[in-house]
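Novice: Each chain is listed here by its residues.
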Amino acid sequence: LAKTTQPISMDSYEGQEVNITCSHNNIATNDYITWYQQFPSQGPRFIIQGYKTKVTNEVASLFIPADRKSSTLSLPRVSLSDTAVYYCLVIYNQGGKLIFGQGTELSVKP
Amino acid sequence: GAVVSQHPSRVICKSGTSVKIECRSLDFQATTMFWYRQFPKQSLMLMATSNEGSKATYEQGVEKDKFLINHASLTLSTLTVTSAHPEDSSFYICSARMAIGQETQYFGPGTRLLVL
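Those protein sequence lines, which keep their order, are chains G and V.
With the working numbering as the guide, the letters of the first sequence map in order to residues 1 to 110.
With the working numbering as the guide, the letters of the second sequence map in order to residues 1 to 116.
Keep in mind that the hints were calculated from the coordinates and are not lab data.
Keep in mind it's a predicted model, so treat the numbers as computed, not measured.
The beta-carbon is built from N, C-alpha and C at its ideal position, and this holds for glycine as well.
Fair warning: there could be bad hints in the mix.
[As the list claims (entries may be wrong)] Partner residues are not named here, just some residues of chain V that face chain G (Cβ under 8 Å, in silico): (1) F34; (2) T49; (3) Y106; (4) G110; (5) R112.
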């Protein structure tokens, strides 16, 4: 199973763009990259998923270079409510297992 | 769409009792559901994979007789913590996957278990 590595924590200020990079060096051909957000005492919330290049939705963008060994979650103009733990996961295509790493604890300050 | 519910949201029980947690996919059919456990300040740990109509597959180190999983229908999976002890106190979270080939998983809100 592909292992992911991401920063343990990040600080930002309201209104800034936040980019969280995740490494997944041994990602397999059929694996997808997915990001989740988790607030304390809540289940993770799906943010975005991608396979290659760039994916954008109403809350975030996901940039994946051609070699797919890393990916970057971009949160535009963060607010205090974006303070949470963000998990980068590589979905093992057969079986759908999600193996969570430690995640990145994002702290947005006023 | 893609809403997953859990019941109860929190439970307090005495040591030695059994606790059942329900996980439901409200607006889609889930061929596969997953159960996770999360201790404070730690990441989610996968406990088992539950497929409708078949036995659950447990991760290494998870006792199948301790954590009974039943996936009775395409919208319901249950986790029963048998003879719970204080060390079983944790945050239990389920997730559901729509269908084979759909890799996105949707998580429930979690169940906080406290064993006294």
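Novice: Checking against the hints above, which ones are violated?
Specialist: none
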